[in-house]
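A.B. asks: Protein chains in written order, with the UniProt record's numbering: chain A, 1 to 451; chain B, 1 to 451.
Keep in mind that a hint or two might mislead.
Where chains are identical, the list cannot tell them apart; a pair therefore holds if satisfied intra-copy or between any two copies.
[As the list claims (entries may be wrong)] Straight-line Cα separation of at most 27 Å, DSSO-like style, residue types lysine-lysine; simulated pairs:
1) K144 - K404
2) K340 - K404
3) K404 - K179
4) K249 - K436
5) K340 - K179
6) K436 - K340
7) K419 - K350
8) K189 - K258
9) K144 - K189
10) K144 - K164
11) K249 - K336
12) K404 - K258
13) K336 - K350
14) K350 - K340
Simulated from the structure, these hints should not be mistaken for laboratory data.
Listed here are the chains, written in short residue letters.
Protein chains: 2
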Amino acid sequence: MRRDNEMKLGLFLDPAGFHQGAWRDPNAPANGGVDIDLCAHLATLAEGAKFHFVFVADQQAVIYDHAALARMGGNDGFEPITLLSALSSRTHDIGLVGTATTTYYQPFHLARMFASLDHLSRGRAAWNIVTSLSNYEAQNFGEKELPHHDARYARAREFVEVVKALWDTWQDDAFIRDKQSGIYADTTKLHLLNHRGNHFSVRGPLNIARPPQGYPVLVQAGASDAGIAFAAEVAEVVFTAEPSLENGKRYYATIKEKARALGRGDDQTLVMPGIVPIVGRTEQEAFEKLQRLQSYTHIDALIGAAQLWLGSVIDLRSTDLDSLVPEALPQTNFIKSRQKLLLDLAARQKLTWRELIRLISDSRGHRLVVGTPSEIANTMIDVFDQRAADGFNVMPATVPGGLKDFVELVVPELCRRGKFRSRYCGQTLRENLGLKQPLNQFTQAGLSIRP
Amino acid sequence: MRRDNEMKLGLFLDPAGFHQGAWRDPNAPANGGVDIDLCAHLATLAEGAKFHFVFVADQQAVIYDHAALARMGGNDGFEPITLLSALSSRTHDIGLVGTATTTYYQPFHLARMFASLDHLSRGRAAWNIVTSLSNYEAQNFGEKELPHHDARYARAREFVEVVKALWDTWQDDAFIRDKQSGIYADTTKLHLLNHRGNHFSVRGPLNIARPPQGYPVLVQAGASDAGIAFAAEVAEVVFTAEPSLENGKRYYATIKEKARALGRGDDQTLVMPGIVPIVGRTEQEAFEKLQRLQSYTHIDALIGAAQLWLGSVIDLRSTDLDSLVPEALPQTNFIKSRQKLLLDLAARQKLTWRELIRLISDSRGHRLVVGTPSEIANTMIDVFDQRAADGFNVMPATVPGGLKDFVELVVPELCRRGKFRSRYCGQTLRENLGLKQPLNQFTQAGLSIRP
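All chains, full assembly: derive it from the sequences and hints.
C.D. replies: Following this line, the structure appears as structure tokens:
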């Protein structure tokens, strides 16, 4: 069913390194998140290895408590859209995926910024659609708490609909710029939106030409029921956390099936779970690397991160960390699916809180693969071949070292085994991912709304 | 009173060219606003000439009617924050001024994006604070009309207060990143904001380190009474339209006096009016250039632009264009001061509507200087020496030609006459403009608010 037999790769771009201890690595850069040269170096390494994209995660807040912040790398870094805009000038082929929340932006802003990024990069932009995960975000925008899970998804759905329509307000060939006749724009190819919905009223048009990709690629990471339904509807790349092969296969099949039911092809919803590779010349060397990173972490930071990813339903600072994690905990309004994934893991492996917290620090629930290049390649190929993934979002435990190891040792192994291409086949991110160019909805419908 | 006797220069970066006919110039680029190489070329030309900054204007809408759009360059270009982020990677010394509205953004977003741009550019960011000028903007954000003038300024004032405080939430030396001890951040230097105001509730902190400049440079273009009061309070660079020397001197004196009354030094509020230079080897050649540009314009586009800058209080499409402009017209809720400036000009010169519309197309009410390099330099030096300006926002009528003419012919003349420096004296935009680095307000007040 796959058009080709090659996996897709993204780089989860975290200038502090993905492992919580990474910033203390002797080779880690000293100035943390606000080092554009480091970010460009990482993007360039990934581009040299022909990764499909770099991916920048985001929240609209500092989401940890003071005790954690003292000991934790990050929280001082670039805003994604500005960072990716800068990287568009420092790279040539690699896709640029930025995370932005539908809960605290307005559709006009995001439609415009991602269109602008798509033009700046000549067709390499993608938007990772999120609905926010912390009440601290709500509190930076005048609210006490996040809206309810369903309300956030309802807003997200309308938000994406408006954004797509804004991208369509000028047809691809609306700007003629004919110096001879003096006609700059063919206004029969300009479509007002005049959207009136439950959440937004937006007149349009957008004040930028239609993006080179039609729409920037849409990425989403739905894992709850509402999230999966939304992903099947809109996501062209599905980012997910999936450490178990069986669950991964089930998730993969569910996404494809739901997308197919909506008339979307299997190759138009690419499932790309995260993977945290720790590469050694021997398995032992790899495990020693992990242990060294673990030794760099502090319990205050571990608890802070765990508190987030467990959905803040328990106060870990006043819990006996050597007690077993209970099988059930109160449901949360956010990070629902990650909480469930982590608690399931803890139950299956009968973990104590301390063990679960350590696991979160190592991988946040993503697949951790510690071993030699060929062991890591084997695991990736297995997950790919068994249809639990169309590719991976690679989360180097340290930077730049962990990324260098991966591109120099694991990628060549994947290429040798015919599972990864060694060149960019297209001009745009869409072309490189094998995704269709979306038609303009106003053209399709034959609409031409004039004021 | 001036610390030095050198003027400041900014480039008003408009990839279509400032004159409405510019896009039809045979040497104008063919692909309009979404050409990053052109924008980088213009910024690099300005940087080569040691301009202090490039300036990108903005509205959050297409603000012209269909008839005008058909014939008018622009409306298809980059969003400013993303554009300047890309340019931060293509330039090294020049300042990057982006326009963003306080009426339709949230303070957390702008605080974060401009902080990010300041880090990306290593201290070259500036924010041009505007309150929006068209109901079309309102209609992209769920409103029918812009809020009332006073309400917009009240929101802007609180907005800027919140943004500054967010920039202060981490002290400059809060991020220690000490690998040895494992302390990443000194959280005694982290200050929550917990702002509760009339317009915004914002907890903070910002999730990025304090900007290299403390605050990005603040630019504002207040010209109404409320605008001038606001500029005197917050603006470090005041952008203005001022075609007459006498009015310019009065405006300049007013700004300095009001700023002084608030304890701000004269050299901390730099008044920089726009100037549209059209350079020829002879005066006649320059006038022929202007006439050629005028011949490229179409009445539909001229009317569309005039309609905007006159504040939409009259329907020009059903007005006899050869009748005299009346002395008074209904006051508007936006572009108040520009409307007044243009109507005063028309009254003084007894212009017909057609003549006024032509004038708007040539310069939008900014100072148009048509002549030889030394004539243009003379005018600039006169305005500067007579204290009607600390420098100029240069608006090349065409690009890249008009900018090339200016940097190759006029700038050397200004340098020869000791009115413009031939090198960057500092690392940051603040240093280059002679502006003070703002202290952290939490440090000053000795506050350390902990949760």
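A.B. asks: Between K144 and K189, at a C-alpha cutoff of 27 Å, which is it: within one copy, between copies, both, or neither?
C.D. replies: Between copies, since 25 Å is at most 27 Å while 44 Å is not.
A.B. asks: At most 27 Å between alpha carbons: which applies to K340 and K404, within, between, both or neither?
C.D. replies: neither (33 Å within a copy, 62 Å between copies)
A.B. asks: For the identical chains here, do K340 and K179 meet the 27 Å Cα criterion within one copy, between copies, both, or neither?
C.D. replies: Result: close neither inside a copy nor across copies, 61 Å intra and 34 Å inter.
A.B. asks: Is the C-alpha distance from K350 to K340 at most 27 Å within one copy, between copies, in both cases, or in neither?
C.D. replies: Within one copy only: 15 Å inside a chain, 75 Å across chains, cut-off 27 Å.
A.B. asks: For K404 and K258, with the copy left unspecified, which applies at a CA distance of at most 27 Å: within, between, both, or neither?
C.D. replies: Neither: 37 Å inside a copy, 57 Å across copies.
A.B. asks: As a check of your reading, is K404 near K179 (CA-CA no more than 27 Å) within one copy, between copies, both or neither?
C.D. replies: Between copies, since 21 Å is at most 27 Å while 50 Å is not.
A.B. asks: Tell me, please, which holds for K144 and K164 at an alpha-carbon limit of 27 Å: within, between, both or neither?
C.D. replies: between (30 Å within a copy, 22 Å between copies)
A.B. asks: How do K436 and K340 come out at 27 Å by Cα distance, when the copy is not named: within, between, both, or neither?
C.D. replies: Neither way: K436 and K340 sit 34 Å apart in one copy and 52 Å across, limit 27 Å.
A.B. asks: For K336 vs K350, is the C-alpha pair at or below 27 Å within one copy, between two copies, both, or neither?
C.D. replies: Within one copy, since 21 Å is at most 27 Å while 70 Å is not.
A.B. asks: Could you figure out if K144 and K404 sit no more than 27 Å apart (CA to CA) within one copy, between two copies, both or neither?
C.D. replies: neither (43 Å within a copy, 53 Å between copies)
A.B. asks: Is it within a copy, between copies, both, or neither that the alpha carbon of K249 lies no farther than 27 Å from that of K336?
C.D. replies: Intra 20 Å, inter 63 Å, cutoff 27 Å: intra-copy only.
A.B. asks: Please work out whether the CA atoms of K419 and K350 approach to 27 Å or closer within one copy, between two copies, in both situations, or in neither?
C.D. replies: neither (36 Å within a copy, 76 Å between copies)
When the structure is compared with the earlier hints, violations turn up for hints 1, 2, 5, 6, 7, 8, 12 and for no others.
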